[in-house]
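**Q** For the record, the sequence lines run as chains G and A.
According to my numbering, the residues represented by the first sequence are 1 to 306, in order.
According to my numbering, the residues represented by the second sequence are 1001 to 1324, in order.
Think of the hints as simulated: they come from the structure by calculation, not from any bench.
Here a beta-carbon is modelled for each residue, glycine too, at the ideal position from N, C-alpha and C.
Treat the hints with care, since some could be wrong.
Stated by the list, open to error - Which chain A residues face chain G? A few, computed with CB under 7 Å, are given here: (1) G1165; (2) S1219; (3) A1290; (4) I1300.
Stated by the list, open to error - Within a straight-line C-alpha distance of at most 30 Å, the following computed BS3-like cross-link-like pairs (lysine-lysine) qualify: (5) G:K147 - A:K1323; (6) G:K173 - A:K1152; (7) A:K1323 - G:K173; (8) G:K173 - G:K210.
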Amino acid sequence: MASHGGTPSAFARLDRIDRRWIFLAMFVAVAAPILWVGVTGKTFPEAPTPAVQGAFDAVESLPSGARVLVSMDFDPASAGELQPMATAIVRHCVLRGHSICAMTLWPAGGPIIDGTMQDVLGDRPDWTYGERWVNLGYRAGFEGVMKQMNSRVSLAYATDVRQTPLAEIPMLKGITGIADFDLLVSISAGYAGAKEWVQYSVSPTLTGAKPLKFVAGSTGVQTPQLIPYYPNQMAGILGAIKGAAEYEYLVNEAVLKADPAAVVPPRFQEAQRRMAPQLFGHVLMVALIVLGNVVFFGLRGRESRA
Amino acid sequence: MSQFQGTPGSPVDPAVARRANRLMIAVLAVVAALLVVRAWVGTEVGSGADAQVVHGYGMVFVEAKGAGHVQVPAAEWAKAVAADPAQQRVTVSGPRTVGVWAAALMTLAVLSFLWRDNPVYKLAESVVVGVSAGYVMSTAVWSSLVDQVFGKLAPGFTKAYLSPGLTTTEADWWALVPLGLGMLLLCRLSARLSWVGMFPLAFVVGVFSGWRFVQYVESDLLAQVATMFDPLYVTGPTAAATVGGTLCAVLVLVGVLSVLAYFFFSLEHKGPVGGAARVGIWYLMITFGASFGFTVMGRIALLAARCEFLFDDWLWLIDPAGKH
Chain G
1 MASHGGTPSA FARLDRIDRR WIFLAMFVAV AAPILWVGVT GKTFPEAPTP
51 AVQGAFDAVE SLPSGARVLV SMDFDPASAG ELQPMATAIV RHCVLRGHSI
101 CAMTLWPAGG PIIDGTMQDV LGDRPDWTYG ERWVNLGYRA GFEGVMKQMN
151 SRVSLAYATD VRQTPLAEIP MLKGITGIAD FDLLVSISAG YAGAKEWVQY
201 SVSPTLTGAK PLKFVAGSTG VQTPQLIPYY PNQMAGILGA IKGAAEYEYL
251 VNEAVLKADP AAVVPPRFQE AQRRMAPQLF GHVLMVALIV LGNVVFFGLR
301 GRESRA
Chain A
1001 MSQFQGTPGS PVDPAVARRA NRLMIAVLAV VAALLVVRAW VGTEVGSGAD
1051 AQVVHGYGMV FVEAKGAGHV QVPAAEWAKA VAADPAQQRV TVSGPRTVGV
1101 WAAALMTLAV LSFLWRDNPV YKLAESVVVG VSAGYVMSTA VWSSLVDQVF
1151 GKLAPGFTKA YLSPGLTTTE ADWWALVPLG LGMLLLCRLS ARLSWVGMFP
1201 LAFVVGVFSG WRFVQYVESD LLAQVATMFD PLYVTGPTAA ATVGGTLCAV
1251 LVLVGVLSVL AYFFFSLEHK GPVGGAARVG IWYLMITFGA SFGFTVMGRI
1301 ALLAARCEFL FDDWLWLIDP AGKH
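Looking at chain A on its own, in the form it has when it is part of the complex (with noise of 0.2 Å):
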């Protein structure tokens, strides 16, 4: 049996992890409890008289409608079985349920990663990636292969039988130089003609880099010199956005002499270059911080999303959108 080296009592110490393991079973034990009484007591949907229970989460109620079905709230279902036990106009969408349930159960299989790897995280990873990776591919072969190539090499065919919105009559020969190319880069798979791979790639890299330089230049270095010489002193329509807005200004200037200044390197950072250096150094480290704050604001928000699609469209615990 091997022994633990560590400190007692980290995290990594087997007792104090099967301790941790207990509690959080625990808990997570007594919600799924509270779930399933919950499940079993039901949830009332509509009012009054039509009021009616429903057992179970994350269902969808759709009504009949022209040649499809739209969705719709629980309590359109109640109000139309208290007139008709018997109607099928709303009914129980199968397939929307069924999707529900795979978001809920794909949602807290990728959380349970948050506990510690396993395999039900592994599976949802490899769904997602392998269905992401078939949606864009498909979604690229007829942007691409089928509008751009198929669609000038052939435009009878593809409008007959692919593209029917089509409006090109007659072929454009020059679609065979991006055919080729492409065609070229798949060289690249082979170890002996890897070689004429490398002219398709240094075609692209050129023209990304010319247009990327040309673009950089216009509106991040020309814009943004420009800026430099808006007015020091704004005038606002009261006396608060005056002084604000000359302070922001004033602000920005600093910042950008002083950022620049730490990222001059030609002179030693002593006396005052090295002074406007530390003032560069402050404004990075609030800009950092700054970046920080939005990402921290991004992620919460989309653990907030997650949590409210558990808490609204699985578990009907909450119905702010007046879904159910």
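Just chain G, with the same shape it has in the complex (with noise of 0.2 Å):
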């Protein structure tokens, strides 16, 4: 599209732009607070929604010693968007005196269970495996899996990682099937995760005596499949990365509550810090298709004009 005396017209020039320079700009929008947050360790305040709330209050009201079954069903492909959000859960559990049984129906989620439990326990030598957490590993069969666990979780799993068989695990004593755990966490990017663990293990629980309680957290591009699941079938849900950041800033927020002289690990705020990036990343995404509407009608006008 030429104008008067045959020079591109800036609305031609723009619809004309190379998208490198697009790419180029959202690496600068997302690089540069990721720079700022570094330097000065500023985080946003954020605002729990009510799903993240439930989420939390799904973990706070267990008493103490509660067990909770993690399911950590995403691989290092997601763990930027998952893995703050599983930090966060099971430090709070942990935080709660909540026992942690961490499996994976994702071949490549056992070194994710080792690095999440490494990263929260680390530091705390009185949280013995076998007594207060186990790992189960992964399992290969999707649904079959959750069938099986629904009604014996020895069917899935005959030992847990370390080869120990599940009925010398101390953690594991009095659990027949997945009901006999006080909380379902699931921790997915996609296919076999929370969707499934609602469709398999929680829907049918619902009309029972016991209902298992469920808590998922997702990636953007799944979340909007769950949210017709809350909050009937699932307590709360961790919509990605903005839902793993107003769930540390709970977490923390608690922590602070309990003991205001408390520090609370950087290690504990990567989702809080990665919400800066996402809000310039936003703001400029909002902007191109602003502009790229712009272009259009205006070329639109132009065209029609002539």
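Grab the two chains, each in its own frame, and use the hints to assemble them into the complex.
**A** Okay, here's the thing in structure tokens:
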């Protein structure tokens, strides 16, 4: 599209802009806030949404010593989004004195469990393996594993990752089926994950004597699929990095409320640190959408006038 | 020499592409030069009298503890060296440092696709696919074949040589059924016998269809329909919560009915049905927009995580988690 004299108009030049400038702009919009937060250490305050508050309350309301099954159904490809929420939920459980049984339905989820537990329990030598937490590891079978665990956990997992039979693990004494856990948490990046947990393990218990309480953490892509299950089929949901930041904020606030002199380690503020790049990235995205529409309608107006 | 036939000034115009390439290479060269200068100047770790200067990026320090090594901040190394320059308790971990550099270079290799498709990106892509496939296959063999098949058919052998925690002592010959079905699946590789592989496939499709049908009806149909019978007037702890909750309940009901009207094709979309269908379209558009927004948030989160890794673990430009 050329304007008078054959020189391309501003609209035409913007219409043909090399897309790599947009990539560069997005990189700057994300990188600059990371550097700013990294240097200043400042994070934005969060206002928890009801779904995140529901997840927090589900963990908070359990009596100390409750047994929580945490299924970390994701791999390193989604760790940027989901690792902060996995760390926050496990840390919250530990702070509340709950025992944790970790598992994964994703083949690459094993090292994720190891890393998360190391992060949270690294400075908690009192949190002994087998008594306060256990790692069941990965089991192939997706929904098949869930169906087996509904009736008997030992059908799916004969042993934990350390090859100890489940019957010999003190933390799992009295656990037969999945409904014997006090809370089920799924940090999920897709199939098999939170949606399948709702369908195969949670929904069948809703009309029974002891409904299984369920909390999900999910990627941004998956969150819209899970929202219809809240609040009747799940107590709370952590949607994407924003949900993780809100949850982190709630846990850290609870720590500071209990002990105003406490110092929150920076490794437990990972999601909150990521909200600044989110803000600038979204502002750029909105600006580009508006600009794209202005260019489109501008060019169309010129065409109709011509 | 070929003549460019497209619109002059477009990104595919070779002249425009050359100019853009030169400019972007210049930007990258300046960034690289700044990093080299910074590496030459070095980074101070530790504080006060313990301060030491470290050259280079991506170094990982470990401390010998028990039988292994645990990662420690570089400041711990500075403190140990200040106390005893010949100490070997806190050292640079070669393998972990190589790991950080490999992860950083792989990240850059993948991001280089934004510039254009290139051999470095292809290499990174192939490595990711190959490593992922190998890892998944290895874990699946141990989780499925060893535990679920060998452990049931030959528990003594499996316990002695493969899985010491196995509790089963007697053979479970029912495991021959999935083993046989699995073997039949391999017939798909033969053109002459591929029809035999249809039987295990039919079994798998049948079982999963049954499971999914029941569970979808229970959790995605009945439970969701039950939600529609919740009261429209929602009481909350405050007047604002009551108004907000009630408004949400009404919006959900209107949304469900209007979207159902849009997908109801037995009546022509005219009059009240047409109006409801138009409202349904708005609901669908808003839903797609929300999904797009969530997707953007997810992608930015992934980019932010890689940027933080590059700036923190590799380049040591920032230290938000106190790693060095």
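**Q** Against this structure, judge whether each hint is valid.
**A** Each hint tested on the structure:
1. G1165: holds, 3 Å
2. S1219: Since chain G brings a Cβ to about 4 Å from S1219 of chain A, closer than 7 Å, the hint holds.
3. A1290: holds, 6 Å
4. I1300: holds, 4 Å
5. G:K147 - A:K1323: violated, 42 Å
6. G:K173 - A:K1152: holds, 24 Å
7. A:K1323 - G:K173: Given pair K1323 of chain A, K173 of chain G is violated - Cα atoms ~39 Å apart, limit 30 Å.
8. G:K173 - G:K210: holds, 19 Å
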